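**Student:** Spelled out, the chains give:
2 protein chains.
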Amino acid sequence: MRDAPDSLPAPTTDRAFLDDALDAADAVGFVAVGDRFDDDLRYLTRFDGPDRDYAFVRADGESVLCAPGLFEEQATREFDGTVRMDGVGDPAGVRAAEALAAFGVDAGLVLVPQSIPHDAAVHLERAGYDLRSTTAVADARLVKTDAELDCLRRVQRAAVRGMRRAETILAESRVEGDELVWEGGPLSTERLRRQVNAEFAVYGVRDAGNTVVGAGPTCADLHYTGTDVLHPGETVLLDLSPRGPHGYYGDLSRTYVVDSDGGWERRAYVAVEAALDAALDEIAPGADAADVHREAAAELAAYGFDPNADEGEAGFTHGTGHGVGVSLHEGPSLRDPVELEPGMVFTVEPGVYDPERGGVRLEELVAVTDDGHEVLHEYPRSFAPRTE
Amino acid sequence: MRDAPDSLPAPTTDRAFLDDALDAADAVGFVAVGDRFDDDLRYLTRFDGPDRDYAFVRADGESVLCAPGLFEEQATREFDGTVRMDGVGDPAGVRAAEALAAFGVDAGLVLVPQSIPHDAAVHLERAGYDLRSTTAVADARLVKTDAELDCLRRVQRAAVRGMRRAETILAESRVEGDELVWEGGPLSTERLRRQVNAEFAVYGVRDAGNTVVGAGPTCADLHYTGTDVLHPGETVLLDLSPRGPHGYYGDLSRTYVVDSDGGWERRAYVAVEAALDAALDEIAPGADAADVHREAAAELAAYGFDPNADEGEAGFTHGTGHGVGVSLHEGPSLRDPVELEPGMVFTVEPGVYDPERGGVRLEELVAVTDDGHEVLHEYPRSFAPRTE
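Going down the list, the protein sequences come from chains A and B. Last residue of the first sequence: 388 in the UniProt record's numbering, with the numbers rising by one and none dropped. Last residue of the second sequence: 388 in the UniProt record's numbering, with the numbers rising by one and none dropped.
Honestly, the hints are just simulated from the structure, not real lab data. Since the model is a prediction, treat every value here as computed from it, not as a measurement. Backbone N, C-alpha and C define an ideal beta-carbon position, used for all residues, glycine too. There's no promise every hint is true.
To be verified - Partial list, derived from the structure: chain A residues whose beta carbon lies under 7 Å from chain B: (1) Asp51; (2) Glu73; (3) Gln74; (4) Asp119; (5) Gly204; (6) Arg206; (7) Leu222; (8) Asn308; (9) Glu311.
To be verified - Pulled from the structure, derived: some chain A residues nowhere near chain B, Cβ distances all over 10 Å: (10) Thr12; (11) Asp146; (12) Pro337; (13) Pro380.
Could you build the full structure based on these sequences and the hints that come with them?
**Tutor:** This is the structure in C-alpha cells:
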C-alpha cells in the first residue's frame, strides 16, 4: 500500500487563462458541457462526475459547476468553485444559460469547446447568447504543472509495474512444441493482458481498456485485442496505457521475442531502438516537435524500413508521438510544428511493422525539462525478456 | 481460462429501426458522430474505436462507418457494413456529409442524436442538410436481444466474482481494537477496491472506474471512492459495475457489517431486503416501471424510513433502478411510467442512508422475461460476511 497512486493531492487548475481568452474575444463567458468522459471538463473542474451531462461556467473571474443530481457532496469535495444545484434535472445547456444569467449577463458572446453537445449549444443560443468555439482549454493543457507531472510520474510507475509483470511472465514461459507455456497452460495475448491488468488493479490504477498485446502478425494491427496463443520466435508487443491518479494516463511500450533466431525481428528491434534514442536526443526546449518525428523516421529509413508506410503496409505506419495528460491523446503531436516548452509531456514511440511477420514498437513517456527531457519512470529495454 | 467473457461473439444490431425512423420523419439519412465513449455509436457499429471522433451514417437501408485513421483493419473486423476511409483527417461531420452525398442525397432532413457534437452539426448544416434530433437509438436499446442478454449475464457473473472476493476478505478480516485487519494490515476501502478490481482483471473484465466501496458514514455519499480504514460494526457498502464483453456493464451491490451489534444497521438491512424483494415481485411484462419504485419506497416507509429523502438527509435518497446495457445508465428508469417488456434489463437497488451512521443498499440486475423476471447471476445475500 505504500505509494498508493491516489494518495497524491488533486492538481488544481489555474483558470485565469479563460479570463484572458474572454478578454481577447470580448466575450461574456465560457461554457463547457459534457459528462465524465469529457477530459476538458475533468481538467477544468477536477470533478469526476457521472455518465450524464453537467456544465462548467466561467464568467467575471469566477467558476461555477452546475452539478448533476445526487452528486452535490462529491462536487463540493472535488471542485474549487461554486457548486450550483439550481435546475437539477434540466438539460445542462439550460442550466449553464441560467448560471450565466445569474452573473447578470443575459446576452453576448460565449466561448465554448467546438465539441460541445449540439443540444447544449442550441439551448445557449435560444437563451440569447452567441457562440464561438475556442481552443483555449486544449492550449492550456499543453504545459503541465508540477502537480500534474507528479500524477503522470506516478501512473507511469504503475505502467512500469505492469510491464515488469508481463516481461517476467514471458521470461518464465517455456517453449513446448510451437507454443509458449506458462503456469501449466498455453500463454495467450489474453492471459498476458489479464495478468498485466490485475497488476494495475492491485497498484490502484485502471487499465482503461487500453492494454494492447499483439503477437507476431497481429502486432501490425495497432489496436489488436485478440486471444492468440504466443509462439516462440515471434514479436510480442505490449502497449500499456493505464489511467491513474486524478485521471492522468501513463503510456509505455515494449516488444519482446522469446527464443528468437534473429532475422527480421532482431533487425527491426535494433532499428526501432536507434530511432527511439535519436528522437529522444532531439527533445529540448525550443526544439520543433516535428523534428522529433523526422529524426525517428530518418533513422528507420537508414535501417532500410519505409518511414512513410500506409496502414497495412510494411514499415513505419504512424506518427512518433502524442501528448498525454488527462487524455491519452492530446497535444502536442510530434507531427506538428510546435515549439517544445518545459512541462510538455508526450510519448516517443517509433515502430516498424510487417503484416506478414510482426511488429516492433518501443515507447517512452517524456517531459520536456528546462535543459532537455525527463523519461517518466525509466524501465530497461530488452529484446529477450528477463526476470528482475 | 474457461468461460472467458470475451469468448462470446459480438451481438449484431438490427438497424432496420433506423429506416423506420427515417420513413416516419421523411428524412434522407441518420448520422451519429462521437468517439469511443459514445455508447450509441458502440451499439450501432460494434466498433470499439479510439478517443477521437468518427461517424456512422445510415441511408438507403445501408450502413457506413467513416472510420478513423489507423483503424481501418479493426473497423473492418468489427463493423458489419461499409467502412469508408475517404477524407481521413477531415472532421467527422464533414466526412459524414460526404458519405451522405455518396448516396446521392445532397439535401433534406437528417436525423441525429441530440448530443451530436456541435461542430459536426454545423458541418452537416453547412453541407445543406436540416437536422432533427431523434431518440430512435435510445428507444431501440431498451429491449435486449438474446446475444445482448448473454453479454450481460457474463459480465454480471464477473461482478459476482468480485463480490465474492470482497465478502471473503471481509469474512477473513479480524477485529483489532477499533479496526478491521486483513493479511497483516488495516483493511481500507481502497485495499478492498483494489482486490475486487484485480479479480475483475483476471476474469477479463474492466472495473471501469465504477467500484464504489463505502464505510459507515461514507456509504451515504453515493459515489465515494476514499481510503477509509474499516471499523467493526459499521456498514461496508460495495457497488460493483464492471464492463465486460463487447462493452456491456454489470451492476451488483451488497452491504456487509463485520461484528455487528444490531441496531440501526440491522434494521436498515432488513428494511432494504424487504424493499428489494417487494420490488422484484412487481417485475413482469405489462407492469409499470414506476410501480417497481413505488413498491420499494412503500416497503421502506413501512419500516419507518423516509422514502423521499433529499441527498444528504436520512432515508431513501435515489430512484430504485436504471436500465443497463452498453451504458451503465440507460433506459428504462424505474421512476418513469414505462410498460415493462421482455428483454428490458435494469437494476433494482433500494437503499437507506443516514449521514451520521452509514448506509445499506442491495442491488440485483434483472431482465424482464415472458412471465416474470430473471436475476442475472444470483448471488446470496448476507448481513454478516461469509466465506464460500
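**Student:** A separate judgement is required for each hint: does it hold in the structure or not?
**Tutor:** A quick look at each hint next to the structure:
| no. | hint | result |
| --- | --- | --- |
| 1 | Asp51 | 6 Å, holds |
| 2 | Glu73 | 5 Å, holds |
| 3 | Gln74 | 5 Å, holds |
| 4 | Asp119 | 4 Å, holds |
| 5 | Gly204 | 6 Å, holds |
| 6 | Arg206 | 6 Å, holds |
| 7 | Leu222 | 6 Å, holds |
| 8 | Asn308 | 14 Å, violated |
| 9 | Glu311 | 6 Å, holds |
| 10 | Thr12 | 19 Å, holds |
| 11 | Asp146 | 23 Å, holds |
| 12 | Pro337 | 16 Å, holds |
| 13 | Pro380 | 25 Å, holds |
In terms of the numbered hints stated before, the structure departs from hint 8 and from no other.
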